[in-house]
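With the hints as a guide, dock the two chains, each given alone in a separate frame, to form the complex.
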Amino acid sequence: MRTSAASLTLVAALTLHVLVDPSTVTAQDIALSGATIHTAAGQILEGATIVVREGKITALGTDVSVPDGVSIFDASGKTVIPGMLDNHSHIGFDIRDVNERSTTFTPRYRAIDVLSPDERYWYDAVDGGVTTIVTGPGSGSVSSGQSAVVKTWGDDWEARILDPSGGLKIAMGAKRPHTGTSMATTALLRERFIQAGEYQAQKDAWTEGGEEGPAPAVNLDLEVLADILRGDNRVRAHVHSAHDILSLLRLKDEFGFNLTLHHATEAYKVADEIAAREVPVVGVPLFIRIGLVEEVMRAPAYLVEKGILFAFHTDDPVVMSKHQRYNAALAIRYGMAPDDALQALTINAARIAQVDDRVGSLEVGKDGDFVVIDGPWYELTSRIDRVYVDGRLAYDREAEEDR
Amino acid sequence: MRPSRLIRVVVAAAALPQVVTALAPAVAAAQIVAIRGGTVYPVSSPPIEGATVLIRDGAIAAVGADVSVPAGARVVDATGHHVIPGLIDAMSYYGIAGSDLNETASPSTPHLRAIEAYYPFGAFGDGEPPDSPRSEDLLMGGVTTHYIAPADATVIGGQGAVVKAAASTFDGLVLREPAAIDMTIGQRPAATFREDNRSPGTRMAVIAHLREQLLRAQEYQVRIEAWNARPESERSSSPPPARDLGLEALGLMLRGEIPARIQANRTTEIREALELAEEFGFHLILDSGISADAVAAELASAGVPVVLGPISHPFVSGEEIPDRDEYPSPDERRATRLQEAGVAYAIASFSRSFGSLGPAGSGKWLLLDAAMAAGYGLSEAQVLRAITLSAAEILGVEDRVGSVEPGKDADVVILDGPPLSVTSWVERVFVDGVEVFVREP
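For the record, the sequence lines run as chains A and B.
Here the first sequence stands for residues 979 to 1381, numbered as in my numbering.
Here the second sequence stands for residues 5 to 445, numbered as in my numbering.
For the record, the hints were derived by calculation from the structure and aren't laboratory data.
All figures in this text were calculated on a predicted structure; none of them were measured in a lab.
For every residue, glycine included, the Cβ atom is placed at its ideal position computed from N, Cα and C.
One should not assume that every hint holds.
[As the list claims (entries may be wrong)] Chain B stretches covered by chain A per the calculated footprint, using a threshold of three residues with CB under 8 angstroms from any CB of chain A:
| # | stretch |
| --- | --- |
| 1 | 315 to 326 |
| 2 | 377 to 391 |
[Claimed, not checked] From the structure, some residues in chain A lie toward chain B, with a derived Cβ separation under 8 angstroms:
| # | residue |
| --- | --- |
| 3 | R1074 |
| 4 | V1248 |
| 5 | R1267 |
| 6 | G1269 |
| 7 | P1295 |
| 8 | V1296 |
| 9 | M1298 |
| 10 | Y1304 |
| 11 | A1307 |
| 12 | I1310 |
| 13 | E1357 |
| 14 | L1358 |
| 15 | S1360 |
Excised from the complex, chain B in its bound form (with noise of 0.2 angstroms):
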């Protein structure tokens, strides 16, 4: 169920003609890159010196040090290189405007899609038309999938998608959608109904909140349920319950078809998530978990990871000045000890437009604030893997992106000095095996 999504690219190709061609797909569909001679990262295995990523078809072929480069091929010198796999930013608001982030007129409202907000066509009415939808910030930060979601101003802010940076047509760009419900727990959401004196207004009413919905969720399951078991002479007769479009999205994520993805970060709304996930047996990903180190060994054993805020500031609310009180004790150590622990987590960046002062602090930025994870204690390899195949994996997309394997989408970055040094940039994305960004000297 997509009309809006067509209607949307419609209006945008009558007010621009020139984005009609964009509709075109832009891939040659034959073509083959070989990206050679580099420090091949592929993260699913160890680095490999002087390796060749092949690619073809949109997907890639082989990587190895001995690959054979078939005649006709365009050969992409990588020599003195590094090449990882595009990066994976598992929570961003990128590409939704600072106005469509929240929806307050309620504490929950499942039924909205980040989707419908999403606009990765540059900014509005500015500039040259882009050949196709792309979101340069991101794909200069060597970011090629990223995950969108309402934010984090009422408890259930809506269905999120995995979306990729660029692509020959919007529809293209989508990989996953509705990829799970995005929820709220704790201060920031009772802050936002306190202040215009309504409920849920404390921490108590957030959560009662959302049982509440939870279990209306499941009242109308059983509803829906019966209707359908009625033989087809009484449905005939009498008319099916009412459709209500947020119960329907809950339902998804009460059957267990997407997860829920609760940012909650003192430990007494991190245990409380933990005890919803565990009552109405949905998949549970929490989000932001400021102290998710405090109760790591609780987290690992009910199987649940951990999208982590940025390493370098824990404040993903996106307040000028941070409400300290609800990021408890930050520790640039968390995602260690979370690996420690056998929790699977990734690192995002939770980005947004901050303040007066400009556009979203985007995921151009996830490999340096990752990087600040390798001195305080992971690895290099660890490091990237929770900005890549980890990402991947607890976004429900890792058949597709995450590593430098064959078979996956020839999303893959190249960059022209260590992956973890400040001073290293990325020089070419490829995404699907397109080269969508190629940096100006």
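Pulled out of the complex, with its shape left as it was, chain A reads as follows (with noise of 0.2 angstroms):
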């Protein structure tokens, strides 16, 4: 499946976003000079340049020469950083297609299945300077399917996608939409867990007897329950409250699954046993918009001195992806080290969506993923000059205000 340039030229004209037409470029080698540039790998460089050729990073550091032929952006006095990362968002969606409120239980859906290429809100994560997205259906029943890792710009569609099985959503909580209680939520999942596991012992049984008889009866909800029982997969848990948060991990104590929480709001409250059993935490986004009590505003920075694997997210469109970036600057305003914010951005965010094999540093071999700034990367007054992905350049301010 590609887009058609056609059709990406036209979207990018009806949104007025002046960006570089990804048909009219192949894949760049580029040079950025004199930057100040954070790898979220553990440096920070003073007047550092970094060289891309096909894509990927070839060489970094302060005393690095540029191939001939590689052309160089002058980025003195600038802020590099890499690109960033949304662990939790509903870009590609058609906002009606997010929830199945008619059932309760659909791990066989799939954001794959629906993912729009060219709908105009991926371009509001460029220019926010986000690259990579995990975009999957909503919390409206308890599981509304699976999620996909995408890149949110370039014109080969099947590129763009790093992981089309990103995890599976589950969401906690009352009235998922057949569900009455907490309770009942969290019932009806112990009951799926235990029938995947009943489901995999009947077909484990049938290809141990020699597959004599017909196979049992595909299920593929309880594929999807295998899959993550196996470690195969994983679970990404909307939830809010500490009780429900208790609740999953006491089911992860039972089944064993990989889990991250996300949203988390109350994480704060049960951080001991959270960081007990080494559970990641996509935290609330802290957004001005959702205006959330000073005590949830400290979480982040509380939670990564307790030691928690923590990545930001906007869940847009509830917080347009574009600010993905103000997340982590409210987080340094209630107490957390920049650095720690940066990499929860990025590097930590990678980690979560086991995609940091290819982005989410700037480090040789990794994905030509950055973004260039005009001042400290995270006050509020600094802006996004570019942002280039896999080397190309997918967003230009300059040539944005100019139009």
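Here is the structure:
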């Protein structure tokens, strides 16, 4: 499935974005020089150069020579950070497709089957320096389906997909929509995981018995859970209250699956329990639109202190994904060290999304995804000048503002 | 006419005996405060380094680098800090319970008054009784004055008010009431009534409905004036026209005593609001105005100011999942474009409770939000003006608040860093010369 250049150009025109037309450039070789580069891999390099060839970082440092023929962008005085990730987004969905409210439990649904490559809000993410997102169905039912890990820009849709099976969304709490209480939601999940174990046992027995007789009927929902029980897939759980977080931890203890807590508004109340199980948290957007209470604003710094692997998210369209950077800015305001906050936007977010072999930090061999900012990366008054994805210029502020 | 407010205070006092003491003035009448050594941003003039702000009897007495401090004054050392006017949030629903924001029984309720739902006493039944009414969340963000109104689910929501974030008595909070009639056109009210299969369920019906309300108000004015013009003898023999509180309120607007505030986002609706203002001759303030920059020239020539929604997110309606069709092409540069076109504008929070996640995303974020506009073309001075003096001018309270100038109310905020930095915090807030907030370390 390849997006036609014509349709992308049309969308760009409709949304009045002067973006670089992906169809007119090939995978580029590019170098940036003179920048303050935050690698998110343990270094802040002053006056540094980064070289990208064929979309991958080939050199990075203060003593790097740029190969002949590679064009150099003078980024003196600018800040460069890795392309940011957003671990929880709904970009690419028609908003009416996010929640199937007639049903309660549908792990068989897949985001990848409905994502639209030319939805205009991808550009919001690119403008905001968010180059990789985990996008998936909503929290309208106990399990609404599977997410996908996707880059936000590029003309080759299939190349943009980093992981078509980026975790199963489940949602804790009451009214999802046929569970009247939180207890019922948790009980339903427990029953389904038990059924998945039994389902797998039946399949294994059939295989071990020489595949005699008809194969057990395929159950697409239990297939997903069985994958999760084997460790081949993972759970992304929408959860707010401390008691629902504890219920999830109980389920994890019982079934041993890979779990990430999303939103986790009250995670700070049970941080020790979360840390003991090494469960990552994708924390509730701190952004101004939501206006959280002070305790929750301080939570990201606290969770990181507790040693919990932490990332920010926007839940776009709840908060526009172009504002992902400001979640980190506000966490810094509320006590998080700037380096920790940057990692929660980049490398730690990539670890949680399980794509840290490709993105999340500026290191030789990784994708050339980075953001050029005209001041300190976390100040509200700083602006993003340029965004590169796979070494190609995906957003150029100057071009946009000249329109 | 404020009986209900008196009743509220009396009821509160009866329920919480400690509140009685709050009704006594908390200000020592002749107290003098000198805020000394900070960088002062009067907003009405350029910043002054190492300046003193002298406060006497709740008002600003002097501002400058060589102001002498009278003996006996309380001196607040602001060396290395930044001193700005109390911020003004030109649209907020803070202090109004979510259940009180929208009266949807009828598409238009101009007789309703936001002040009658305003509750600046902390959470109901929660915690220690406050010394006096105060909006803690606003004060911690440096907001000392805000506009409250019924929200936007219907066409004419009712009457708004300009109130302070702290005072010694409830009456002392009120700067102006009613301050405007609040209306909304476009998809938001249409959706409210369409859901119930009632009218107005389309954008067209919303406009037609509003025009009819304004016509009824005009006719009512004519009837009242005609009756008033009759000789005394006739007036004593026949009853006056029946009173209609809603049409009376709209009469204030049609006579130019208070403005209309119309929330409109698409260019079509903004032009419709301009047309209605022209047709019925009322003063218009455009609220939210997502597309206002696209019609900036028309707004400028009509002299219509805009109270913009937040820079950081354009969705003023408070739904967890915003209706993006109602907010076309949100653009952080719209304030800059209004500035360039010569349109008066304020940046406001439009804050209210958000989904199920908790309390209103309140004015405590106003300064941080407006700071973002500085990344999109506004200067620091322009950003500050949009949340102080410009807001005061639009709200019609610039004689009292909005700048650090002699004669104005002593509403002053001390910040521990540059005003637009994300890591700067409000250290102290003075309202009417009284220190009402001190940040705990």
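Hints, verified against the model:
Given a C-beta distance limit of less than 8 angstroms, the hint that chain A covers the stretch 315 to 326 of chain B holds, as 6 residues qualify and 3 suffice. Counting residues of the stretch 377 to 391 of chain B whose beta-carbon sits less than 8 angstroms from any beta-carbon of chain A gives 3, enough to reach three: the coverage restraint holds. Against a cut-off of 8 angstroms between C-beta atoms, the interface hint on R1074 of chain A is violated, since the closest Cβ of chain B lies about 11 angstroms away. For the restraint placing V1248 of chain A at the interface with chain B, the shortest Cβ-Cβ distance is roughly 18 angstroms, beyond the 8 angstroms limit, so the hint is violated.
Contact between R1267 of chain A and chain B, as hinted, is supported at the beta carbon level, the nearest pair being about 4 angstroms apart and thus within 8 angstroms. A cut of 8 angstroms between beta carbons decides the hint on G1269 of chain A: the least distance to chain B is about 2 angstroms, and the hint holds. Satisfaction of the interface hint for P1295 of chain A is found here, the shortest Cβ-Cβ separation to chain B being roughly 6 angstroms, below the 8 angstroms cut-off. Contact between V1296 of chain A and chain B, as hinted, is supported at the beta carbon level, the nearest pair being about 6 angstroms apart and thus within 8 angstroms.
Here the hint on M1298 of chain A is kept, as its CB sits about 6 angstroms from the closest CB of chain B, short of 8 angstroms. With a least beta-carbon distance of about 7 angstroms to chain B, the hint placing Y1304 of chain A at the interface is held under the 8 angstroms criterion. Hint status for A1307 of chain A: holds, given a least beta-carbon distance of 5 angstroms to chain B, under 8 angstroms. Taking 8 angstroms as the C-beta contact cut-off toward chain B, the hint placing I1310 of chain A at the interface holds, the least distance being around 7 angstroms.
The beta carbon of E1357 of chain A is positioned within 8 angstroms of a beta carbon in chain B (closest approach about 6 angstroms), and the interface hint is therefore held. Given the 8 angstroms rule on beta carbons, the hint for L1358 of chain A holds: about 4 angstroms separates it from the nearest Cβ of chain B. For S1360 of chain A, the shortest C-beta to C-beta distance to chain B is roughly 6 angstroms, which falls under 8 angstroms, so the interface hint holds.
When the structure is compared with the earlier hints, violations turn up for hints 3 and 4 and for no others.
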